[in-house]
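Enquirer: Sequence order for the protein chains is A and B. For the first sequence, our numbering gives the first residue as 1, with consecutive numbering after it. For the second sequence, our numbering gives the first residue as 1001, with consecutive numbering after it.
You may find that some hints are simply not true.
One side only, chain B facing chain A, incomplete, derived with CB under 7 Å [what the hints assert, rightly or not]:
1) E1103
2) K1107
3) F1131
4) I1134
5) G1135
6) Q1212
7) H1278
To be clear, the hints were calculated from the coordinates, so they are not data collected in a lab. Glycine included, C-beta positions come from ideal geometry on N, C-alpha and C.
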Amino acid sequence: MNKTYNFAFFDEGSKREIRRATLKAIAIPGYQVPFASREMPIGRGWGTGGLQLTLSLIGKDDVLKVIDQGSDESVNAVNIKKLVSDTTGVRTTDSTKGASLIQSRHRVPEVPLQRDQILILQVPLPEPLRNFEPSEHETKKLHAEREYSGAWLMLFEQIMKYGIMATDADHPVMVHDRYVMAPSPIPRFDNSKLDNNEALILLGAGREKKVYAIPPYTNISSLAFDDYGFEIESFANHACILCGSNDVFLDELVDEESGETYFQCNDTSNCLEMVNQKQSLGVK
Amino acid sequence: MSVLEVPVLSVKQMNKQYGNGCSTCKQMKSGKVTKNYCHECGTVYACRDLTFDLYQGEVLGIVGESGSGKSTLMKSLYFDEEVTDGELYVAGFEDGNKNVFMESAQKKRYVRNHLMGKVYQNPILGLKMDFSSIGNIAEKLISAGNRHVGSMESRGAELLEAVNIPVHRMKEEPRNFSGGMQQRVQIAKALSNNPPILLLDEVTTGLDLSVQASVLDLIKGLQRDLNISIVLVSHDLGVIRMLADRTLVMLEGKVIEQGLTDQILEDPQHPYTQQLVHSLL
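For reference, chain B alone in the conformation it holds in the complex (with noise of 0.2 Å):
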């Protein structure tokens, strides 16, 4: 294999449960278990079995309908809620060697500050909104070891402007903006360190159509300029059709189909895929 090759992020047999479990729905008996949810004990299993790799510039795309296990997958990723086993491998940590989520809480936050960038569905969770929007972006650059205040306050009008905000608007708190003006200061925070990898949370979700649109292409931008590896997820499939190169389809906490993007769309093996396209025509 040539170094080309080698994932930037790899996912292995990652399983996310809630609650925890019971024999009946340890060994998935039907009838007991509806979807991931078992009637027995409450459990609730949200990722089940995950294997996935992301490579260098590559956008990997996760749709599936709500309750699916996206969100829980990116939180999993992020290190913002504790996967019950699996394991996980960054190029940049240990040379990709050693499973992070087995790691302590102070060397994921290492990958975290260092490796990734997040860009969360809601704002509030991503961004302090009582601090001023290049303060945000500063936290970043802080949490990554930085202690220059004016290389950080340049760094943050750069990305700023990279994302179309008003450099004039910059000591002012994201309380104070649009929800697509916010979606647009988590993704100049998620940047600031030039981070390998990026994750997006349905980041165009209820905004509206022309900033969905200004928003898609400067993801689509940064990602051809800077060639980072993005998992994107999002349950709106135009936006998968545009922006990744190779989809997972999930349901119910599995993956049910992976492939090239144009392939999962124009020609869906499984039936709940082929619902799903079939009800965007």
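The following block holds chain A by itself, in its conformation from the complex (with noise of 0.2 Å):
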């Protein structure tokens, strides 16, 4: 551990901010609270938003995940992680069920998440009406007045032009009836993971200073039309290269030497929990 930094890295004057934000946009589901995003030592829009309310949050006897995409190994996760860790102290894990908080890029783990963890999302793009009004006074307005019709044009577009909600991810979402809010780029297929989970969700744009929430047990739906409904990605007739499971999102892969393709879990940890798993009973 590092000791030439406080720890978790900010002074404690600055933890202290964050978290009275983070207080703030869990008392207000779905709103986006300002906050004084720091300048850290990886760059913005690397996942700063989320690694502020990591280290904000973060205390001695916390057990730390950090998932990009899926991934435990990757360099984003694999870089946030040392830093931490440097820092504090912690303990890292990869697995969902051991840790207390989740910080995580564009996915929620196939693991249902318990009531005593945190699963922290980073976000580039935290107002769900940017492409409809690109003046945030005027989407302040629209929010406090509870005016979506905007979030609603952007899908009436995508099926007049393609056919269907063409949102691949950040399918914007009702939070309690309130406020609509950009889950962050997560898949479709998360969505669902959000509404009433045990867990307490928290967002975090570094880049464009924003930090909100979903407490436990709120109420998340996706934007839908009446004859058009949310319709999460399908992987019919598809199952994991590696472990066999079919009811998790998967990675289309290319096998580049016979040009086939194949899926392959997305949520790597969950896949090796699973694979792991089959060889026991295997050997019995």
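Quick one: dock chain against chain with the hints and give me the complex.
Expert: Here it is as structure tokens:
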């Protein structure tokens, strides 16, 4: 552990300021709370929002898991884990069940979260109405007045152009029938996991300087039309090539030698766990 | 009074000023105030003590030189700008008993989305140029609570047909359209949820004559078929003569003359109106 820094990199005042914004965010589910986003040793847009939340919340007894689009071993995830454990000395883990703090980029883990866990999502663009209304001043008013026709209009446009709602990720959600929120670029597959989740879900946008939250047991519904319902990605007739799971989010990959496509779990730690379970069964 | 004589929209003592005003201009002392501009504090009195009613199925024309407060009035009626003081009653809102100007932003938005449609002089203000034409029409329907894609699409296609925009171009962005077509898309958007009140701000200004004629023809037809009430702002007396039943003449933020359009154009009383009518000939 590097002792030339204060515990968890930040000075205590900074941590307190971020926690105060977080508390406000939890009190108003889905509302984007501005906060003083700090300069970080990683570039803005590389997870600084999530990292600041993690650092402000982490205590000596926490166990940290960091995932980058499902993977525990990508460069970004590894480096964030290194930075946090270097400045705090906390343990890190790959297991979703074993972690108390989970920082994630663009995925909600496949293993259901529990009530004493906190999921921290990194957010590039926190404003769901931004493409409709470029001015922050105006979007704040639209949120205040619960005027969300813009969010529906963007979906309508996609239906007109492509015949379906073409949001691959970051499909806007309604939080407890009040605020429309960008769930960060998680696949539509993960939107339903946010609904009534037992864990606290925090979302941090470092570049845009916003924090927002989904407290445990909050109703989350994905925006949809009466005649065009919300649909998640379908992996019908496909299963993970490694563990055989077919009820999880799969990545479509190409075998470079044979040129054939195959599917593999996106959540690597869950995949590994499934494989281990199977093998232990096989030995018996 | 019979039910028919209740106005659908009623404005009482509406004032709109830009600036706080000072002791000099509040008393309207001559010398310091030129037209509606105060030299002491720079306050502009855009609308002064405007009072008028709009009845069912009527076209109310508003004429006046540029800077006379016509567009400010229209912006205030559509809540694009807040008024300084005054009252506005709309028949479809709380039975016309509540002053809409004093209501919350949400209530104003309700009135605007459900009971009114507006066509701006400049299509950039009224349309989202990056969204498809059908999307622009759907925006108004969505904000009025519609969540059914099929019904919005068919309503949009029907309206674009009515304003002579070929249906095969309905998914195109208005930025690709000519000025006249953009104006017609705006009209289709304004009409999408059958508003009882339509606000038209200089709809034909800047369009060439044949397009002007077709837009005017369209408005006249819509008014006759749907029996909606229209407030029509124009500085073109020809347009006013063709469309308006009644006319207000504005000058320096005030209404200086009002009456039946024929009467105003044939027998103007105020010197400014006389000059205006005279310059037409």
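Enquirer: Could you check if K1107(B) really has its C-beta closer than 7 Å to a C-beta on chain A?
Expert: With Cβ-Cβ at 10 Å, over 7 Å, it is violated.
Enquirer: Hint check: is the beta carbon of G1135(B) less than 7 Å from a beta carbon of chain A?
Expert: holds (5 Å)
Enquirer: Was the hint right that F1131(B) lines chain A, CB cutoff 7 Å?
Expert: holds (6 Å)
Enquirer: Tell me if the interface restraint on I1134(B) is satisfied: Cβ within less than 7 Å of some Cβ in chain A.
Expert: Holds, because the Cβ-Cβ distance from I1134(B) to chain A comes to roughly 6 Å (cut-off 7 Å).
Enquirer: Does the closest beta carbon of chain A sit nearer than 7 Å to the beta carbon of Q1212(B)?
Expert: violated (30 Å)
Enquirer: Does the nearest C-beta of chain A fall within a distance shorter than 7 Å of the C-beta of H1278(B)?
Expert: violated (45 Å)
Enquirer: Less than 7 Å between beta-carbons is the criterion; does E1103(B) satisfy it with respect to chain A?
Expert: violated (12 Å)
Going through the hint list in order, the structure does not satisfy hints 1, 2, 6, 7.
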